[in-house]
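**Student:** Quick note, the sequences are listed as chains D and G, same order.
Per the working numbering, the very first residue in the first sequence carries number 10; after that it's consecutive.
Per the working numbering, the very first residue in the second sequence carries number 10; after that it's consecutive.
If you're looking for bench data, these hints aren't it; they were derived computationally from the structure.
One or more of the hints may lead you astray.
The list treats identical chains as one, so a pair stands whether inside a single copy or across any two.
[As the list claims (entries may be wrong)] DSSO-like mimics (lysine-lysine), calculated; alpha carbons at most 30 Å apart, straight line:
(1) K284 - K244
(2) K392 - K378
(3) K392 - K379
(4) K284 - K413
(5) K111 - K284
(6) K372 - K413
(7) K336 - K82
(8) K91 - K379
(9) K125 - K378
(10) K380 - K255
(11) K255 - K336
(12) K240 - K413
(13) K244 - K413
(14) K371 - K320
(15) K255 - K375
(16) K371 - K87
Here's the letter readout for the chains.
Protein chains: 2
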Amino acid sequence: MEPSRGAGPAVPPVAAVLPAGGSGERLGGATPKQFCAVQGRPLVSYTVRAMERIDWISNIIVVVSPENIETMKSIIEKYGHKRVTVVKGGITRHRSIFNGLKVFAENEFSSHLLQKPEVVIIHDAVRPFVEEDILSKVVMAAKEHGAAGAIRPLVSTVIASAADGCLDHSLERARYRASEMPQAFLFDIIYEAYQQCTDYDLDYGTECLHLALKYCKTNAKLVEGTADLWKVTYKRDLYAAESIIKESLSQEVCVITDVKEVVSQVGFLLHESLKSQIKVETISTSLSKNDSHLQNILSGQCYNFVCINDKKCAVQETQQLADMLEKSNIPLLYPVVVVLVHLDTSENISFSIGMEEITRMKKFAKEVKKKNILVYGLLIQYKDHLLLQETVNSAAALIMALIKDRNPELTGQLLVA
Amino acid sequence: MEPSRGAGPAVPPVAAVLPAGGSGERLGGATPKQFCAVQGRPLVSYTVRAMERIDWISNIIVVVSPENIETMKSIIEKYGHKRVTVVKGGITRHRSIFNGLKVFAENEFSSHLLQKPEVVIIHDAVRPFVEEDILSKVVMAAKEHGAAGAIRPLVSTVIASAADGCLDHSLERARYRASEMPQAFLFDIIYEAYQQCTDYDLDYGTECLHLALKYCKTNAKLVEGTADLWKVTYKRDLYAAESIIKESLSQEVCVITDVKEVVSQVGFLLHESLKSQIKVETISTSLSKNDSHLQNILSGQCYNFVCINDKKCAVQETQQLADMLEKSNIPLLYPVVVVLVHLDTSENISFSIGMEEITRMKKFAKEVKKKNILVYGLLIQYKDHLLLQETVNSAAALIMALIKDRNPELTGQLLVA
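Let's have the full structure, built from the sequences with the hints guiding it.
**Tutor:** Below is the structure:
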């Protein structure tokens, strides 16, 4: 399904234009929704990332209102986005998209003309969960039909009202669809449609497929999309986006134990207890060694780590992990959870946690939080062999809660299983 | 705006029918969405509660599929819902609503005929955030026009597709609206419409306003609703509902300090630190006394409590609060957060937390969790007067995080400010 891209320059490029100029008034907040933070990162960065990871998209044009150009540029720098050009938007959606297209055709909008793509994707900056599959489907359909757009079934019945505010008629739900994003067009078609359309279209229209039909007689191919394509419109959608991202970050955990037998044993039990809820990788290694297995995991997409050892507040070992994580760039896009498990095997019955230990832990957590690494402490007591299983189950429940919540306020706390 | 309801029986009653028979296939889970737990309670219970708290709604009919009748009855019993009748649904939405209406007109569906209402509200069981304002607006409009329904602007453009899967035309967004719930009808109109409509309508239709128009020539009045009226359709909507409910429970906190001067002082500082984020009531009292101010707060809608004292793990005092809460029925519908703050004023520098203390705390928290009370411990050290403000600010941040998250897994833990 994927549009192939050979080694040579013969394959015409695909570009994406992301209108991000909206004021977000429906959200009821001062910050336009594309700049609202989700897990600490602006929503638009998630959408840019969704485009950027697809290697057959050669240029990503983000169109923002004039007052947000610097904000957008600093987002691109902070999160290391590549192949992105920021363009000044117009006062309406259509005018913004038109400006975005002009960087491929006119010298007005960028210092150098970008290579004109064969196909251009248009996608909202506030639809962060777009998958490669639907993008390649609309691109392929646009190549064949000139235009294509994702559609979804209607959630509510659509009605027309009469002048007196009463029902005129309702539409038969099955015959209609909601037009969503992404859409894709042969560049020449959509650019011509924008050049020909009226000021009324530019000021009051919203639908690109309509312009292609009206001005280029191109009937867009409609492609059924998945539910992820929804648009962040209201505050509740930001809540939903936050939860979806947290859920997607809670799919895998890496348990790192040191090589001592008793520690490995607890690591094994914890692995068993966790694996019904989350994918678990357990490795037994010293963090100071350059373990290739650990390096593999770090270069993968794991955002959760549990380090078990029998030292009180093993800050030094965790510092090594934090350094590795930082070097790997993993915490750049998403907060990484590190649960520092202290296995207490002392015989002493009246065990207690000293304030010094807690202070050291909090200080360390505060330091690495700046690097988007969330560290929590967890104590497992291993006194009674019979109680160990129960304690490990309780530890697993706490670890899952910490991973799912990713609460930055609770970092540095020491929990007890 | 509110439909008035006098003391005498002369005022005709308003009833509500909640279709709750859906299978929830769009949610992608095994449990139909109306029965999915949000903060531990099934979604349908929130919607029933939204109706039940309005005293001019005399009867609430919940229509569920045959296999869920017992589940629904047990929900009503568990959460103490009143004025609710459970009715067996049909195989489609319209057939279910029709069954719901029959309890007022036919003997077939209930042991005794319920009093026929003048106006009947129809509302989805999966729209839990409906407010009294919109309900009274649609009821008043139905009295005048015979039928009325809430509408919302369209979020996406609506398009019609041709037989070949290509765009036929797109609708001008401004001319159309999404038909949402609640709707209201003069009972005689909607009941007649259902009696006259065809099997095709009953099996394939979805819109009650359409039936009233087609069979009773009644053009429903359309009433602009707020964004809260949205329908829980996808999994992301459940996430959003959970967050909205958590947010609504995080509006107010009651800080209870004992009467000792040092404790009151910290209570005051905490009050000051919290008040920029949440409404705070602070009272200084002994929980063992029957304090009328505290009783007032308990009879209000406060779901968050902070108890400060200078005893280690003051389980006894907290037990009294837990008993009061239980008696007040507050934790019946929503989990209540209780943060037990231990103010440590000892001179001892090498302070430590004993395992016994932690174990006692966890045991107590586990016990009251069964009553939907979430207890967390929080230690504030008061050694250095200069550092106190900073510690209190840190405590306030932790308290806000605990209140907002309401994480049941972390109960019984002792956090350190």
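**Student:** Hints first: check each against the structure and report whether it holds.
**Tutor:** Results for each hint:
In this assembly of identical chains, K284 and K244 lie within 30 Å of each other by CA distance solely across copies; the values are 23 Å between and 34 Å within a copy. In this assembly of identical chains, K392 and K378 lie within 30 Å of each other by CA distance solely across copies; the values are 27 Å between and 33 Å within a copy. In this assembly of identical chains, K392 and K379 lie within 30 Å of each other by CA distance solely across copies; the values are 28 Å between and 36 Å within a copy. In this homomeric assembly, K284 and K413 come within 30 Å of each other (Cα to Cα) both inside a single copy, at 15 Å, and across copies, at 28 Å.
In the homo-oligomer, the alpha carbons of K111 and K284 never lie at most 30 Å apart, since the shortest distance is 52 Å inside one protomer and 51 Å across protomers. Proximity of K372 to K413 under the C-alpha cut-off of 30 Å is found in both arrangements, the shortest distances being 23 Å within a copy and 24 Å between copies. Taking identical chains as interchangeable, the C-alpha atoms of K336 and K82 lie at most 30 Å apart only when both belong to the same chain, with a minimum of 23 Å there against 57 Å between chains. When the C-alpha separation of K91 and K379 is checked against a cutoff of 30 Å, the pair qualifies only within one copy, where the shortest distance is 23 Å, while the shortest distance between copies is 52 Å.
In this assembly of identical chains, the alpha carbons of K125 and K378 never lie at most 30 Å apart, being 43 Å within a copy and 62 Å across copies at closest. In this assembly of identical chains, the alpha carbons of K380 and K255 lie at most 30 Å apart whether taken from the same copy (18 Å) or from different copies (28 Å). In this homomeric assembly, K255 and K336 come within 30 Å of each other (Cα to Cα) only inside a single copy, at 23 Å, whereas the closest approach across copies is 37 Å. Taking the closest pair of Cα atoms, K240 and K413 come within 30 Å of each other both inside a single copy (24 Å) and across two copies (25 Å).
For a Cα distance limit of 30 Å, the shortest separation of K244 from K413 qualifies both inside one copy, at 21 Å, and across copies, at 16 Å. Taking CA atoms no more than 30 Å apart as the test, K371 paired with K320 passes in both settings, with 16 Å inside one copy and 24 Å between copies. Taking the shortest alpha-carbon separations for K255 and K375, both the intra-copy value of 21 Å and the inter-copy value of 27 Å come in at or below 30 Å. Only within a single protomer do K371 and K87 lie at most 30 Å apart by alpha-carbon distance; the minimum there is 26 Å, versus 43 Å between protomers.
In summary, the numbered hints that this structure violates are 5 and 9.
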